[in-house]
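Participant: Sequence:
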Amino acid sequence: MIDKKELRLSKLAREFNVGISTIVDFLKKKGHTVDPNPNTKVAPELFDVLSKEYSSDINAKKGIGKSKSALS
471 MIDKKELRLS KLAREFNVGI STIVDFLKKK GHTVDPNPNT KVAPELFDVL
521 SKEYSSDINA KKGIGKSKSA LS
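Each residue of the sequence shown is one higher than the one before, counting from 471 in our numbering.
Calculated directly from the structure, the hints in this document are not laboratory data. All figures in this text were calculated on a predicted structure; none of them were measured in a lab. Be aware that one or more of the hints could be misleading.
Unchecked claim - List time: in silico DSS-like cross-link candidates among lysine-lysine, alpha-carbon distance up to 27 Å:
(1) K498 x K481
(2) K498 x K522
(3) K499 x K481
(4) K481 x K500
(5) K481 x K511
(6) K500 x K522
(7) K522 x K475
Required output: the full structure, derived from the provided sequences and hints.
Facilitator: So, in structure tokens, the structure goes:
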């Protein structure tokens, strides 16, 4: 897992296995304004909101990695 310091939007998109626009749209629905620039830093509070929403995507990403290594 990643630290809860301010992270760049591109790093969060990779970590949660979703697109930057998906994260920006989700945060807008929750009432937070975020610039869609990949270098935008996201506050730790928003990381918690994203983590609750996309934690299943992280688990799916890890599961895919395990199944690929099992095939090798």
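Participant: So, against the hints stated earlier in the document, which numbers end up violated here?
Facilitator: Those not satisfied: there are none.
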